[in-house]
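Undergrad: For the record, the sequence lines run as chains V and Z. Numbering of the first sequence is given in our numbering, commencing with residue 1 and proceeding in unit increments. Numbering of the second sequence is given in our numbering, commencing with residue 1 and proceeding in unit increments.
Please keep in mind that the hints were generated in silico from the structure rather than gathered at the bench. Warning: the hint list may mix true and false statements.
When chains are identical, the list treats them as one kind, so a pair holds in a single copy or across two.
Said to hold, decoys possible - Capping the alpha-carbon separation at 30 Å, the derived lysine-lysine pairs in DSS-like fashion look like this:
#, residue 1, residue 2
1, 47, 255
2, 255, 148
3, 148, 47
4, 64, 148
5, 47, 64
6, 148, 83
7, 47, 83
8, 64, 255
9, 83, 64
From a predicted model like this one, the values you see are computed outputs, not experimental measurements.
Protein chains: 2
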Amino acid sequence: MPDRRTVYFVSDRTGITAEMLGNSLLVQFDAFHFTRHTVPFVDSAEKVEEAIREINATAERERKQPVVFVSIADEAASERIRKGANAVTLDLFQIFIAPLEHALGARSAHAAGRSHGIADAGEYFSRMEAINFAQSHDDGAATRDLAKAQVILVGVSRCGKTPTSLYLALQFGVRAANFPLTPDDFSDRRLPASVTPFRQALFGLTIHPERLREIREARRPGSRYASLEACRQEVREAEHLMELERIPMLDTTSKSIEEIATTILHRTGLRRSVF
Amino acid sequence: MPDRRTVYFVSDRTGITAEMLGNSLLVQFDAFHFTRHTVPFVDSAEKVEEAIREINATAERERKQPVVFVSIADEAASERIRKGANAVTLDLFQIFIAPLEHALGARSAHAAGRSHGIADAGEYFSRMEAINFAQSHDDGAATRDLAKAQVILVGVSRCGKTPTSLYLALQFGVRAANFPLTPDDFSDRRLPASVTPFRQALFGLTIHPERLREIREARRPGSRYASLEACRQEVREAEHLMELERIPMLDTTSKSIEEIATTILHRTGLRRSVF
Numbered sequence: 001m002p003d004r005r006t007v008y009f010v011s012d013r014t015g016i017t018a019e020m021l022g023n024s025l026l027v028q029f030d031a032f033h034f035t036r037h038t039v040p041f042v043d044s045a046e047k048v049e050e051a052i053r054e055i056n057a058t059a060e061r062e063r064k065q066p067v068v069f070v071s072i073a074d075e076a077a078s079e080r081i082r083k084g085a086n087a088v089t090l091d092l093f094q095i096f097i098a099p100l101e102h103a104l105g106a107r108s109a110h111a112a113g114r115s116h117g118i119a120d121a122g123e124y125f126s127r128m129e130a131i132n133f134a135q136s137h138d139d140g141a142a143t144r145d146l147a148k149a150q151v152i153l154v155g156v157s158r159c160g161k162t163p164t165s166l167y168l169a170l171q172f173g174v175r176a177a178n179f180p181l182t183p184d185d186f187s188d189r190r191l192p193a194s195v196t197p198f199r200q201a202l203f204g205l206t207i208h209p210e211r212l213r214e215i216r217e218a219r220r221p222g223s224r225y226a227s228l229e230a231c232r233q234e235v236r237e238a239e240h241l242m243e244l245e246r247i248p249m250l251d252t253t254s255k256s257i258e259e260i261a262t263t264i265l266h267r268t269g270l271r272r273s274v275f
Numbered sequence: 001m002p003d004r005r006t007v008y009f010v011s012d013r014t015g016i017t018a019e020m021l022g023n024s025l026l027v028q029f030d031a032f033h034f035t036r037h038t039v040p041f042v043d044s045a046e047k048v049e050e051a052i053r054e055i056n057a058t059a060e061r062e063r064k065q066p067v068v069f070v071s072i073a074d075e076a077a078s079e080r081i082r083k084g085a086n087a088v089t090l091d092l093f094q095i096f097i098a099p100l101e102h103a104l105g106a107r108s109a110h111a112a113g114r115s116h117g118i119a120d121a122g123e124y125f126s127r128m129e130a131i132n133f134a135q136s137h138d139d140g141a142a143t144r145d146l147a148k149a150q151v152i153l154v155g156v157s158r159c160g161k162t163p164t165s166l167y168l169a170l171q172f173g174v175r176a177a178n179f180p181l182t183p184d185d186f187s188d189r190r191l192p193a194s195v196t197p198f199r200q201a202l203f204g205l206t207i208h209p210e211r212l213r214e215i216r217e218a219r220r221p222g223s224r225y226a227s228l229e230a231c232r233q234e235v236r237e238a239e240h241l242m243e244l245e246r247i248p249m250l251d252t253t254s255k256s257i258e259e260i261a262t263t264i265l266h267r268t269g270l271r272r273s274v275f
């Protein structure tokens with residue numbers, strides 16, 4: 001039986017940052033089973049007290065102090081939780097504000113609502129445009145405006161192009177198109193005609209045939225498309241074509257969407273703005 | 001002239017968490033202009049030294065210590081950066097490990113590569129399924145399998161349904177469909193027939209007509225669709241219909257995608273798993 005512990009993420013905004021950092025810490029304690037609760041939008045004295053009451057009820061019920069990750073810009077609110085909650089409180093925000101103020105020689109605004117809020121209109125529209133772009137240029141659906149793509153992912157069906165394009169757009173505001181490499185392209189031994197003018201924007205994704213088989217099998221069980229033989233042949237020919245055309249290539253087999261997207265930005269030198 | 005400062009995000013993985021937390025701190029210092037560099041995948045002694053060299057070259061060139069956010073699980077590597085870099089170093093990871101070890105009465109694994117890496121196969125497939133689902137159930141494109149939707153967003157064209165559905169899938173692994181409310185529905189004074197069986201999953205998005213006009217205008221300049229009159233009428237009728245049908249409603253006007261998605265999960269009580 002693993003040790004159990006309840007964890008809270010308390011934030012004055014969405015709680016996404018607190019969850020991400022908190023999870024990267026918790027995953028280091030794999031003997032534990034953590035039950036997670038996110039309490040977002042804690043931006044008033046009433047909501048602070050409500051959060052404290054919930055945490056303290058859990059502490060009493062479980063006879064164990066919960067772990068509480070707090071990400072609140074307002075100093076008094078965050079202090080109130082540290083003092084009022086019967087918990088191990090880790091303050092992700094306040095702990096860095098003082099050293100930053102010292103380093104920059106300036107006072108911080110201590111204002112909530114600046115992170116994961118709406119950006120200025122220009123940034124907002126460019127992110128929306130990136131999302132629309134990825135959506136309308138998925139799987140070779142549109143060839144119009146391909147010149148506007150900052151990156152065009154190519155690879156066999158189900159190697160990870162779609163989620164990566166969407167993630168590049170949503171998380172990094174990058175205009176990403178994607179284009180399948182199909183058996184037709186392999187018999188011609190060349191790239192799809194619509195993408196050849198944009199060779200410098202191409203980025204190849206590849207995958208182990210065994211893994212590809214699993215993914216395709218979940219989608220179309222028992223099909224020729226999902227057979228190991230078809231997967232092996234397509235992957236081999238796609239890799240051959242990409243090498244021939246000197247397209248940079250990334251193996252997605254054991255990588256998360258975040259890792260694939262970040263690696264592409266890193267290798268291509270595309271500017272990333274994290275939202 | 002705002003003060004300038006160069007900021008590094010140094011991570012053994014994607015750097016996404018470091019950027020998010022770092023940005024939420026930096027935005028508190030709005031008198032500064034920050035130039036940001038992300039150095040991801042710093043997972044070897046060589047890459048640590050390379051990062052230090054780059055940081056120190058910047059410090060010398062700018063005659064100012066850069067601010068360095070470090071998120072590295074390996075203690076020795078992170079200490080090497082703290083000591084070797086001519087910079088203000090803020091360690092997002094190590095600073096919380098010791099108090100967590102104390103609180104849990106256990107040693108951490110101090111292992112890199114656990115955050116934003118590939119999850120277990122089950123989680124991976126359910127996230128992929130959510131992404132495929134959002135993609136194929138965008139804008140009422142598919143009515144098949146709507147019963148599998150955890151949430152179905154409804155609202156007028158361009159009120160934020162598509163990016164929110166994609167974000168719910170990508171970031172939270174939630175199966176979200178979305179369905180437009182159109183002038184046809186308003187003249188019938190009822191919901192589109194395909195969504196009525198799933199009333200309990202419906203969630204309405206709305207928006208100020210002036211803001212909607214801006215967004216539509218950017219898409220189809222000068223059209224009747226983008227006119228303030230059309231926007232006003234559609235929003236009024238959509239809101240009326242949603243009230244009539246008692247569908248929960250959220251105004252997206254001044255909200256980011258993250259805030260809209262988080263609020264929907266918060267209000268509906270859907271379980272969120274942050275990736």
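Undergrad: Work down the list of hints and note, for each, if the structure agrees.
TA: Hints and how they fare:
1. 47 <-> 255: between (39 Å within a copy, 20 Å between copies)
2. 255 <-> 148: For residue 255 and residue 148, the Cα distance is within 30 Å both inside one copy (27 Å) and across copies (27 Å).
3. 148 <-> 47: Neither, since 45 Å and 33 Å both go past 30 Å.
4. 64 <-> 148: neither (55 Å within a copy, 37 Å between copies)
5. 47 <-> 64: within (23 Å within a copy, 41 Å between copies)
6. 148 <-> 83: neither (53 Å within a copy, 44 Å between copies)
7. 47 <-> 83: within (15 Å within a copy, 41 Å between copies)
8. 64 <-> 255: neither (36 Å within a copy, 37 Å between copies)
9. 83 <-> 64: within (17 Å within a copy, 37 Å between copies)
Hints 3, 4, 6 and 8, counting from the list given before, are not met by this structure.
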